[in-house]
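Start counting at 1 in the sequence shown, then tack on 48, and there's your number in this note's numbering.
Keep in mind the hints are simulated off the structure, nothing from the lab. Among the hints, a few may not be true.
As the list claims (entries may be wrong) - Simulated restraints on C-beta separations:
#, residue 1, residue 2, range
1, Thr-108, Gly-68, 26 to 34 Å
2, Val-93, Asp-59, 30 to 38 Å
3, Thr-108, Pro-74, 14 to 22 Å
4, Trp-92, Cys-115, 14 to 22 Å
5, Ala-114, Val-70, 15 to 23 Å
6, Ala-77, Pro-112, 17 to 25 Å
Note that this is a predicted model, so its numbers are computed, not measured. C-beta atoms are modelled at their ideal positions from N, C-alpha and C, and glycine is treated no differently.
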Amino acid sequence: MLDGTPVITLDDSRFELSVGDVVFVPESATVQLDNPNGSVASLWVTTSVGMTAITADRGTITPPWAC
49 MLDGTPVITL
59 DDSRFELSVG
69 DVVFVPESAT
79 VQLDNPNGSV
89 ASLWVTTSVG
99 MTAITADRGT
109 ITPPWAC
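Produce the complete structure using the sequences and hints provided.
Set out below in structure tokens:
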């Protein structure tokens, strides 16, 4: 976490994040990221090559850095 105070729900566990926090998301985990207070939040994301996410509406996202 670089800036802000977002909330992440990882499977059934909810975590309030703050600057300096690190989150590991296991393969096949369900993850939801919210920013309830509306302030800017900045995160550093690192993934392996080939990472693909499935969205709530069953669409897919492959970040450009994961190609």
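Results of checking the hints against the structure:
1. Thr-108 - Gly-68: 26 to 34 Å: Taking Cβ atoms as reference, Thr-108 and Gly-68 lie about 31 Å apart, which means the hint holds.
2. Val-93 - Asp-59: 30 to 38 Å: 19 Å, violated
3. Thr-108 - Pro-74: 14 to 22 Å: For Pro-74 against Thr-108, whose Cβ atoms are near 18 Å apart, the range 14 to 22 Å holds.
4. Trp-92 - Cys-115: 14 to 22 Å: 19 Å, holds
5. Ala-114 - Val-70: 15 to 23 Å: 19 Å, holds
6. Ala-77 - Pro-112: 17 to 25 Å: 22 Å, holds
Violated hints amount to a single one, hint 2; each of the other numbered hints is respected by the structure.
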